[in-house]
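Protein sequences, first through last, are from chains A and B.
Residue numbering for the first sequence is 1 to 111, as defined by the working numbering.
Residue numbering for the second sequence is 1001 to 1112, as defined by the working numbering.
By construction, these hints were calculated from the structure, which means they are not laboratory data.
Worth double-checking, as some hints may not be accurate.
Derived CB-CB ranges, DEER-like [what the hints assert, rightly or not]: (1) A:A77 <-> B:A1009: 31 to 37 Å; (2) A:I110 <-> B:S1077: 41 to 47 Å; (3) A:A9 <-> B:W1007: 30 to 36 Å; (4) A:K59 <-> B:R1096: 27 to 33 Å; (5) B:R1096 <-> A:N65: 21 to 27 Å; (6) B:S1067 <-> A:I11: 39 to 45 Å; (7) A:E16 <-> B:P1014: 45 to 51 Å; (8) B:A1009 <-> A:N65: 37 to 43 Å; (9) A:V19 <-> B:G1041: 18 to 24 Å.
We put the CB at the ideal spot given by N, CA and C, even for glycine.
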Amino acid sequence: QQPVQSPQAVILREGEDAVINCSSSKALYSVHWYRQKHGEAPIFLMILLKGGEQKGHDKISASFNEKKQQSSLYLTASQLSYSGTYFCGTENSGGYQKVTFGTGTKLQVIP
Amino acid sequence: SQTIHQWPATLVQPVGSPLSLECTVEGTSNPNLYWYRQAAGRGLQLLFYSVGIGQISSEVPQNLSASRPQDRQFILSSKKLLLSDSGFYLCAWSPRAGHGYTFGSGTRLTVV
Chain A
1 QQPVQSPQAV ILREGEDAVI NCSSSKALYS VHWYRQKHGE APIFLMILLK GGEQKGHDKI
61 SASFNEKKQQ SSLYLTASQL SYSGTYFCGT ENSGGYQKVT FGTGTKLQVI P
Chain B
1001 SQTIHQWPAT LVQPVGSPLS LECTVEGTSN PNLYWYRQAA GRGLQLLFYS VGIGQISSEV
1061 PQNLSASRPQ DRQFILSSKK LLLSDSGFYL CAWSPRAGHG YTFGSGTRLT VV
């Protein structure tokens, strides 16, 4: 079952914040977050393994609510380089780490 | 350090022709390997994954097959391409559960 992301698209001015949500209808073992620039391969941002875990990388962080089967990606003080499509990926068991990717959120940061 | 190579970068093939895309990983052993396809403006669809030599799991029944003849080599094939096989094909690897994926640079396939 493909996780659902929201919003589908968002436009930010430099310095503004954004939140991207990812929800699954199945129990989650882990949530991945990736960013993809146009025409390029996705780049791994972070993985969250435990319920309630929060991770951060520079001004990008994420939370994982295992009980609600949801994850959120937080982008603070956005930069032009943050533009791209963000995908969450969910893993429903800890076996072969088979990740199902969400529908994607297109983020555009403008000056 | 580990690297992943995928080729070719672009490919234009006629309907009914065969396909072979290759992916190799360096600097690690026994990686989990994956093939994804991305239609234009869409998400990533898992096609095949492998946890070891000769072990292939298929996610979506379709006109494609995969093989893993060596530990760090993953091949995507088709005997006869369809127009609907067009897309951006991405190979990825991961050391094990609890780690993110590293994607290859992708192959843009256009079937004409």
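Against the structure, the hints come out as follows:
1. For A77 of chain A paired with A1009 of chain B, a C-beta distance near 35 Å keeps the hint of 31 to 37 Å intact.
2. As the Cβ distance of I110 of chain A to S1077 of chain B is approximately 43 Å, the hint placing it in 41 to 47 Å holds.
3. Evaluation of the 30 to 36 Å hint for A9 of chain A and W1007 of chain B yields a pass: the beta carbon distance comes to about 32 Å.
4. At roughly 29 Å, the beta-carbon separation of K59 of chain A and R1096 of chain B lies within the given 27 to 33 Å, and the hint holds.
5. A C-beta distance of roughly 25 Å is found between R1096 of chain B and N65 of chain A, which places it inside the suggested range of 21 to 27 Å.
6. One distance hint, 39 to 45 Å for the beta-carbon pair S1067 of chain B and I11 of chain A, holds here, with the actual separation near 44 Å.
7. Between E16 of chain A and P1014 of chain B the CB atoms are about 48 Å apart, so this pair conforms to the stated range of 45 to 51 Å.
8. Evaluation of the 37 to 43 Å hint for A1009 of chain B and N65 of chain A yields a pass: the beta carbon distance comes to about 39 Å.
9. Taking 18 to 24 Å as the suggested C-beta distance range, the pair V19 of chain A and G1041 of chain B conforms, at roughly 23 Å.
Consistency note: the structure conflicts with none of the earlier hints.
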